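*Asks:* For the sequence shown, the working numbering assigns the number 1 to the initial residue and increments by one for each residue that follows.
If you're looking for bench data, these hints aren't it; they were derived computationally from the structure.
Errors might be hidden in some of the hints.
Claimed, not checked - Below are the SDA-like pairs computed for lysine to any residue, each with C-alpha atoms no more than 25 Å apart in a straight line:
hint	residue 1	residue 2
1	K137	D156
2	K137	L118
3	K137	A232
4	K137	R110
5	K137	N79
6	K137	G119
7	K137	D117
8	K137	H223
9	K137	H116
10	K137	E52
11	K137	T113
12	K137	Q68
13	K137	G215
14	K137	E148
15	K137	D121
16	K137	L48
17	K137	G99
18	K137	L154
19	K137	Q86
20	K137	D173
21	K137	Y74
22	K137	T206
23	K137	M81
24	K137	P72
25	K137	A147
26	K137	L207
27	K137	L174
28	K137	S201
Stated by the list, open to error - Label pairs and their in silico Cβ distance ranges:
hint	residue 1	residue 2	range
29	A221	S253	41 to 49 Å
30	L231	K137	18 to 26 Å
31	D75	R210	20 to 28 Å
On a predicted model such as this, the values are computed, not experimentally measured, just so you know.
Beta carbons are placed, not taken as given, at the ideal position from N, Cα and C, and that holds for glycine.
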Amino acid sequence: MTYLSPLGYLLGVEGAALLRGIREGWADRAFVEARIAEVRTLLDVSALAHAEGVTASPGTISAADIYQEWAPHYDAPGNEMTDVEQPVVRRILDSLPVGAALDAACGTGRHTTYLHDLGHDVIGVDASPEMLVQARKGLPGVGFHEAELHQLPLPDNAVDTVVCALALTHVPDLGAVMAEFARVLRPGGNLVISDAHLLMSYLRPTLARRPGPDGRPSLLAEHHRPLSAYLAAALPLGFQVRHCEEPRRPRHSLGSGTAPDPLPTSMSWDLLHWCPEASAAALDDSPIVVVWHFQLDGTGKG
1 MTYLSPLGYL LGVEGAALLR GIREGWADRA FVEARIAEVR TLLDVSALAH AEGVTASPGT
61 ISAADIYQEW APHYDAPGNE MTDVEQPVVR RILDSLPVGA ALDAACGTGR HTTYLHDLGH
121 DVIGVDASPE MLVQARKGLP GVGFHEAELH QLPLPDNAVD TVVCALALTH VPDLGAVMAE
181 FARVLRPGGN LVISDAHLLM SYLRPTLARR PGPDGRPSLL AEHHRPLSAY LAAALPLGFQ
241 VRHCEEPRRP RHSLGSGTAP DPLPTSMSWD LLHWCPEASA AALDDSPIVV VWHFQLDGTG
301 KG
């Protein structure tokens with residue numbers, strides 16, 4: 001069980017701000033003393049001190065459950081992760097030769113659309129039927145298929161490019177999925193991956209979802225990995241690294257004047273408004289996603 005305490009999260013943000021500032025050399029005496037004073041203030045805020053935390057069960061809600069809820073509004077403006085990920089992925093795609101392409105875990109089809117507009121003969125695959133409904137609305141002439149990433153409905157050597165965006169965090173066995181990408185790619189083909197960054201998984205608030213099978217609030221099962229895990233899965237399959245980038249959270253992303261009234265006393269991104277200076281120090285310019293460009297060995301596989 002995981003106990004989600006709003007006050008505990010805010011104290012963690014204060015600690016992260018202090019540790020980062022000290023490590024990077026910009027935490028002067030005024031900043032450190034301000035953080036200590038703010039910790040004392042937070043401890044004295046009655047609304048936080050008496051806020052009831054949530055005891056949640058890890059791994060009792062699936063990605064399929066989450067995307068069923070998200071599908072209708074997934075493409076709404078304001079998704080900071082896609083805002084920083086998308087330009088990097090598109091810059092890589094712009095450099096690749098046009099051919100047959102697979103958008104694996106295509107979701108609502110944002111990268112499928114871009115590949116299609118570049119002239120690729122593209123298909124999309126996703127495990128969420130609700131997300132595929134949205135994708136088909138935008139691209140009625142493209143073939144979309146419901147399937148898991150480790151069981152792609154394609155023959156060997158079928159495509160020149162595979163894109164997999166912000167999905168591998170939901171995959172327990174990275175090696176099996178990477179092997180499947182290698183199987184469907186032609187020799188010399190390109191694989192472009194984006195995924196949630198390990199560091200952001202520690203800094204963001206952990207959100208409790210609706211009750212799972214045990215009746216308790218649930219936590220989504222996620223698999224956040226160090227950069228070495230992608231290399232360990234990719235290199236033995238014959239993939240070569242062409243590019244790696246870690247797009248960062250914009251500075252001043254916690255805009256002034258946007259704090260709700262009253263501030264929440266449950267786990268939420270809005271909690272950061274309790275301590276905006278510490279939140280900016282801890283989170284601004286920290287990596288949100290990692291983007292990889294791999295190319296499969298042109299002489300053979302594995």
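*Asks:* All the hints need checking, so say for each whether the structure fits it.
*Replies:* Status of each hint after checking the structure:
Between K137 and D156, the direct Cα distance comes to roughly 29 Å. Violation of the 25 Å bound is thereby established for this hinted pair. Under the criterion of a C-alpha separation no larger than 25 Å, the hint pairing K137 with L118 is consistent with the structure, at around 19 Å. Restraint check: the Cα-Cα separation between K137 and A232 comes to about 38 Å, which exceeds 25 Å; the hinted pair is violated. For a cut-off of 25 Å, the pair hint linking K137 to R110 stands: about 12 Å separates their Cα positions.
For the hint pairing K137 with N79, the CA-to-CA distance comes to about 21 Å; that is within 25 Å, so the pair holds. Under the criterion of a C-alpha separation no larger than 25 Å, the hint pairing K137 with G119 is consistent with the structure, at around 19 Å. Between K137 and D117 the alpha-carbon distance is near 16 Å, which keeps this suggested pair within the 25 Å criterion. The suggested pairing of K137 with H223 is violated, with an alpha-carbon distance near 30 Å, which exceeds 25 Å.
Of the pairs offered as hints, the one joining K137 and H116 holds, with about 14 Å between alpha carbons and a cut-off of 25 Å not exceeded. Between K137 and E52, the direct Cα distance comes to roughly 42 Å. Violation of the 25 Å bound is thereby established for this hinted pair. This hinted pair checks out: K137 and T113 have alpha carbons roughly 11 Å apart, not beyond 25 Å. Our distance criterion of 25 Å between C-alpha atoms is met by K137 and Q68, whose separation comes to about 16 Å.
Annotation: proposed proximity of K137 to G215 is violated, straight-line Cα distance about 36 Å (limit 25 Å). Distance restraint check for K137 and E148: the Cα-Cα separation of roughly 21 Å lies within the 25 Å cut-off, and the hinted pair is therefore satisfied. Distance restraint check for K137 and D121: the Cα-Cα separation of roughly 18 Å lies within the 25 Å cut-off, and the hinted pair is therefore satisfied. Among the hinted pairs, K137 with L48 is inconsistent with the structure: their alpha-carbon atoms are about 45 Å apart, more than 25 Å.
With a CA separation close to 23 Å, the supplied pair K137 and G99 stays within the 25 Å bound. Proximity of K137 to L154 is assessed by CA-CA distance (about 23 Å); at most 25 Å being required, the pair is judged to hold. For the hint pairing K137 with Q86, the CA-to-CA distance comes to about 21 Å; that is within 25 Å, so the pair holds. For the hint pairing K137 with D173, the CA-to-CA distance comes to about 31 Å; that exceeds 25 Å, so the pair is violated.
Only pairs whose Cα atoms come within 25 Å are accepted, and K137 paired with Y74 is accepted, the gap being roughly 14 Å. Proximity of K137 to T206 is assessed by CA-CA distance (about 32 Å); at most 25 Å being required, the pair is judged violated. This hinted pair checks out: K137 and M81 have alpha carbons roughly 23 Å apart, not beyond 25 Å. For the suggested pair K137 and P72, the alpha carbons sit about 12 Å apart, so the restraint of at most 25 Å is met.
Pair hint K137 plus A147 holds up; C-alpha atoms about 19 Å apart against a cutoff of 25 Å. The hinted pair formed by K137 and L207 fails the criterion: a straight-line CA distance of about 30 Å is larger than 25 Å. At roughly 30 Å between alpha-carbon atoms, K137 and L174 are farther apart than 25 Å, so this suggested pair is violated. About 32 Å separates the Cα atoms of K137 and S201, which puts this hinted pair outside 25 Å; it is violated.
A hinted range of 41 to 49 Å is violated for the C-beta pair A221 and S253, which are about 27 Å apart. For the hinted restraint 18 to 26 Å between L231 and K137, the CB-CB distance of approximately 37 Å leaves it violated. At about 22 Å, the CB distance of D75 to R210 agrees with the hint of 20 to 28 Å.
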